[in-house]
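Colleague: If you want the building blocks of each chain, they are given just below.
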Amino acid sequence: MRIELVKRTEHSRLMAVLSPVIAVFLTLIAAAILFQLSGKDPLLGLFTFFIEPLTDTWSLQELIVKATPLVLIACGLAVCYLSNNWNIGAEGQFVFGALCGSFIPIVFPDFETVLTLPLMLLLGALGGAAWGLIPAILKTRFNTNEILTSLMLVYVASLILDYLVRGPWRDPDGYNFPESRLFTDAATLPVIGDGRMSIAAPIAVVVVIVLTIVLAKTLKGFEIRVMGESPRAGSFAGFSKKRLTLFAFALAGGLAGLAGTMEVSGSLGQLLPTISPGYGFTAIIVAFLGRLNPAAILIAGLVLALSYIGGEGVQASMGVSDKIAAVIQGLLLFFVLACDTFILYRPRIVPGRSATGSEI
Amino acid sequence: MFEAVLLTVITAATPLLIAAIGELVVERSGVLNLGVEGMMIMGAVVGFAVANQTGSGTLGVLAAIVAGMGMALIFGFLVLSLVTNQVATGLALTILGLGVSGMIGEAYIGVPGLRLPELYIPVLSELPLIGPVFFQQDAVVYLGFALVALVAFVLFRTRTGLILRAVGDNHGSAHALGYSVIKVRYLAVLFGGGCAGLAGAYMSLAYTPQWVENMTAGRGWIALALVVFASWLPFRVIAGAYLFGAVTVLTFHAQAQGIGVPSQLLSSLPYIATIAVLVLISANRRLTLVNTPACLGKPFVPDR
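Going line by line, the protein sequences match chains Z and L.
Just so you know, we're using full-length UniProt numbering here: the first sequence kicks off at 1 and counts up by one.
Just so you know, we're using full-length UniProt numbering here: the second sequence kicks off at 1 and counts up by one.
Keep in mind the hints are simulated off the structure, nothing from the lab.
A couple of the hints might just be wrong.
Said to hold, decoys possible - Derived pair list, reagent style DMTMM-like, types lysine to aspartate or glutamate, alpha-carbon separation capped at 25 Å: (1) K298/L / D169/L; (2) K183/L / D169/L; (3) K217/Z / E10/Z; (4) K323/Z / E312/Z; (5) K242/Z / E223/Z; (6) K298/L / E10/Z; (7) K241/Z / E229/Z; (8) K217/Z / E229/Z; (9) K323/Z / D56/Z; (10) K298/L / E229/Z; (11) K323/Z / D162/Z; (12) K323/Z / E106/L; (13) K323/Z / D41/Z; (14) K298/L / E4/Z; (15) K40/Z / E312/Z; (16) K40/Z / E106/L; (17) K298/L / E223/Z; (18) K242/Z / E229/Z; (19) K40/Z / E213/L; (20) K7/Z / D169/L; (21) K323/Z / E52/Z; (22) K40/Z / D322/Z; (23) K183/L / E4/Z; (24) K40/Z / D56/Z; (25) K7/Z / E229/Z; (26) K241/Z / E223/Z; (27) K323/Z / E213/L; (28) K40/Z / E52/Z.
Claimed, not checked - Short derived list, chain L residues pointing at chain Z, Cβ under 8 Å: (29) T84; (30) A88; (31) A92; (32) G99; (33) G102; (34) V228; (35) P262; (36) I272.
Claimed, not checked - The calculated label-pair distances, taken between Cβ atoms and stated as ranges, are: (37) A176/L / I213/Z: 45 to 51 Å; (38) T55/Z / G55/L: 43 to 49 Å; (39) S38/Z / S56/L: 22 to 28 Å; (40) F222/Z / A283/L: 30 to 36 Å.
Glycine residues also receive a C-beta, built at the ideal position from the N, C-alpha and C atoms.
All chains, full assembly: derive it from the sequences and hints.
Modeller: Below, the structure written as structure tokens:
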């Protein structure tokens with residue numbers, strides 16, 4: 001007996017909604033098994049990882065703090081992936097954007113006006129967009145694989161950050177610690193609530209709303225989807241594949257750079273040798289869990305943010321390695337991808353064997 | 001001095017060489033596995049752990065190969081049986097590999113490692129200059145060269161290789177001729193996983209005999225770039241791997257000499273070199289179009 005996949009005549013709307021839910025459920029089961037394997041009580045593990053962070057206001061605020069960059073980056077990545085541009089270097093665009101956004105408060109700390117923050121955010125977005133445009137230009141001009149170049153630039157951006165924080169941008173009064181000076185009040189995003197939450201969170205929500213409208217209601221949104229699904233049809237409509245590649249990478253880089261600047265200005269308050277626990281990579285999972293749909297990405301961002309806080313939680317209270325968060329994130333992406341198969345295909349049980357075919 | 005540099009170039013190039021030759025076979029079958037980094041880091045941690053527990057480097061290497069193949073099997077199941085997106089699945093494999101290796105490796109941070117013993121080839125190893133460089137290496141270095149020669153022979157001189165390339169170039173026709181596209185691709189993906197696992201073990205048992213988190217540091221990705229650099233031809237992988245090995249080692253030596261350049265700039269050279277090389281190769285359309293497997297990255301569902 002074998003199971004084979006049969007292409008559905010129309011894609012299943014039911015599965016499109018159910019697939020992320022099933023994936024999260026399967027991840028919960030896998031996480032329970034992981035806790036069992038590490039010699040911990042699986043139910044307590046699941047509770048500490050997934051439920052406890054939702055029970056007090058401090059960790060709820062942290063949840064939003066961590067979801068904000070994930071959602072912003074994933075929105076840009078969704079545009080890339082919808083238009084068939086494989087940008088996997090958002091981590092580098094996040095870091096480089098944060099560097100550009102930190103230029104004013106570190107080099108000109110005395111420039112304290114109402115313009116300081118808007119200029120920082122603008123520089124951050126432009127820096128991220130510029131970093132994102134490198135693989136896009138290489139792809140359109142030289143046909144270079146954007147997957148590899150965008151990823152290589154992650155390492156380069158991280159090394160530039162490391163150099164600046166240990167070298168020219170090190171805090172002169174910082175006892176030689178590899179940190180930049182603290183940002184002044186004029187360079188710090190206004191705080192909401194009593195934790196680290198800033199106006200970055202509402203900005204992310206605005207981006208989600210704008211992108212939802214653009215994708216659903218505008219010609220640009222149509223162009224993005226058509227060029228992803230059928231570039232040939234799109235070219236008959238007069239859309240340029242190259243221009244869209246540049247647009248998608250610039251948008252994704254710009255949003256990542258904005259997220260990076262807001263992370264530094266809102267949550268950290270200074271530049272450090274590492275400013276991201278892998279937001280740029282986790283955002284790829286967020287984009288897929290949200291099925292490349294901005295509104296769903298908002299929810300997916302919260303789910304993945306929970307995995308960061310849950311990881312810290314189980315490490316602190318149960319002595320489980322916080323690496324378990326990365327494992328759970330990886331498993332979640334696997335389950336999402338596997339479940340998405342059943343949107344387009346229907347499993348069929350076939351008795352007996354045949355020589356060829358996809359065997360499961 | 002010169003000898004020492006050459007020796008380190010060989011150890012730096014070997015993991016790239018082995019991982020790239022494995023991925024070359026995978027891509028020749030039409031599958032793009034972006035999870036090389038994840039399979040490699042799993043090989044590194046499992047190889048280190050098993051060698052540490054058993055005291056045997058050989059067992060460590062074997063376990064690493066099995067670990068790489070295990071990771072590849074997960075990838076194969078998703079991409080081949082469930083027809084998932086190859087790019088996204090490969091990324092998932094890397095994210096998972098980095099996480100799992102971090103968890104397993106936590107117990108081994110700071111534990112002194114085991115180094116694979118060198119094999120002295122009689123007579124040849126006593127030759128001046130070239131003796132110590134080429135004939136006093138550990139077994140994996142020789143294995144790497146043997147793998148390249150084997151892959152080149154099988155791909156272009158045997159029926160098996162013809163079938164593999166047919167599957168990668170036109171899966172529809174290969175299927176119509178009665179070859180099982182899925183089975184061929186499963187085997188290729190497993191071979192690639194075994195190679196990546198071996199390359200990882202080389203990192204933690206020979207290159208730097210210890211476990212450090214994320215110790216592969218993007219080498220899996222550079223191996224992927226090497227396949228493009230080699231334009232899917234096995235012997236060119238050697239040239240690419242040694243070029244990158246040389247760049248890596250030169251940056252080490254430049255750092256040790258303390259020339260007036262920031263160390264971060266030197267560390268970023270291998271990544272910048274990768275981008276530069278990719279641009280040079282892919283700007284040459286004729287070279288890439290001739291050798292790129294036509295079905296690379298395209299999903300296949302047999303219809304009947």
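Colleague: Please go over all the hints and tell whether each is borne out by the structure.
Modeller: Evaluated hints:
1. K298/L / D169/L: The given pair, whose Cα atoms are some 10 Å apart, holds under the 25 Å limit.
2. K183/L / D169/L: Within the cut-off at roughly 16 Å; holds.
3. K217/Z / E10/Z: Given pair K217/Z, E10/Z holds - Cα atoms ~23 Å apart, limit 25 Å.
4. K323/Z / E312/Z: Holds: K323/Z and E312/Z sit about 9 Å apart, inside 25 Å.
5. K242/Z / E223/Z: holds (12 Å)
6. K298/L / E10/Z: Roughly 21 Å separates the two Cα atoms, so the pair holds.
7. K241/Z / E229/Z: Within the cut-off at roughly 12 Å; holds.
8. K217/Z / E229/Z: holds (18 Å)
9. K323/Z / D56/Z: holds (23 Å)
10. K298/L / E229/Z: holds (14 Å)
11. K323/Z / D162/Z: holds (23 Å)
12. K323/Z / E106/L: holds (9 Å)
13. K323/Z / D41/Z: Holds: K323/Z and D41/Z sit about 18 Å apart, inside 25 Å.
14. K298/L / E4/Z: Roughly 19 Å separates the two Cα atoms, so the pair holds.
15. K40/Z / E312/Z: holds (16 Å)
16. K40/Z / E106/L: holds (17 Å)
17. K298/L / E223/Z: Satisfied, since the Cα-Cα distance of roughly 23 Å is no more than 25 Å.
18. K242/Z / E229/Z: Given pair K242/Z, E229/Z holds - Cα atoms ~15 Å apart, limit 25 Å.
19. K40/Z / E213/L: Holds, at about 24 Å.
20. K7/Z / D169/L: Holds. K7/Z to D169/L sits at ~23 Å (cutoff 25 Å).
21. K323/Z / E52/Z: Measuring from Cα to Cα gives roughly 18 Å; hence the hint holds.
22. K40/Z / D322/Z: holds (14 Å)
23. K183/L / E4/Z: It holds: about 14 Å lies between the C-alpha atoms, which stays within 25 Å.
24. K40/Z / D56/Z: holds (24 Å)
25. K7/Z / E229/Z: Since the Cα atoms of K7/Z and E229/Z sit roughly 17 Å apart, the hinted pair holds (cutoff 25 Å).
26. K241/Z / E223/Z: Cα-Cα ~10 Å, so holds.
27. K323/Z / E213/L: Status holds; Cα separation ~11 Å.
28. K40/Z / E52/Z: At roughly 16 Å apart (the allowed maximum being 25 Å), E52/Z and K40/Z satisfy the hint.
29. T84: Hint holds; T84/L Cβ to chain Z Cβ min 4 Å, cut 8 Å.
30. A88: holds (6 Å)
31. A92: The hint holds - A92/L has a Cβ within 8 Å of chain Z, the shortest such distance being about 4 Å.
32. G99: With a closest approach of 3 Å, the G99/L hint holds.
33. G102: holds (4 Å)
34. V228: holds (6 Å)
35. P262: Holds, about 5 Å.
36. I272: With a closest approach of 6 Å, the I272/L hint holds.
37. A176/L / I213/Z: 45 to 51 Å: holds (47 Å)
38. T55/Z / G55/L: 43 to 49 Å: Since the Cβ atoms of T55/Z and G55/L sit about 48 Å apart, the hinted range of 43 to 49 Å holds.
39. S38/Z / S56/L: 22 to 28 Å: This hint holds: roughly 27 Å between Cβ atoms.
40. F222/Z / A283/L: 30 to 36 Å: holds (32 Å)
When the structure is compared with the earlier hints, no violation turns up for any of them.
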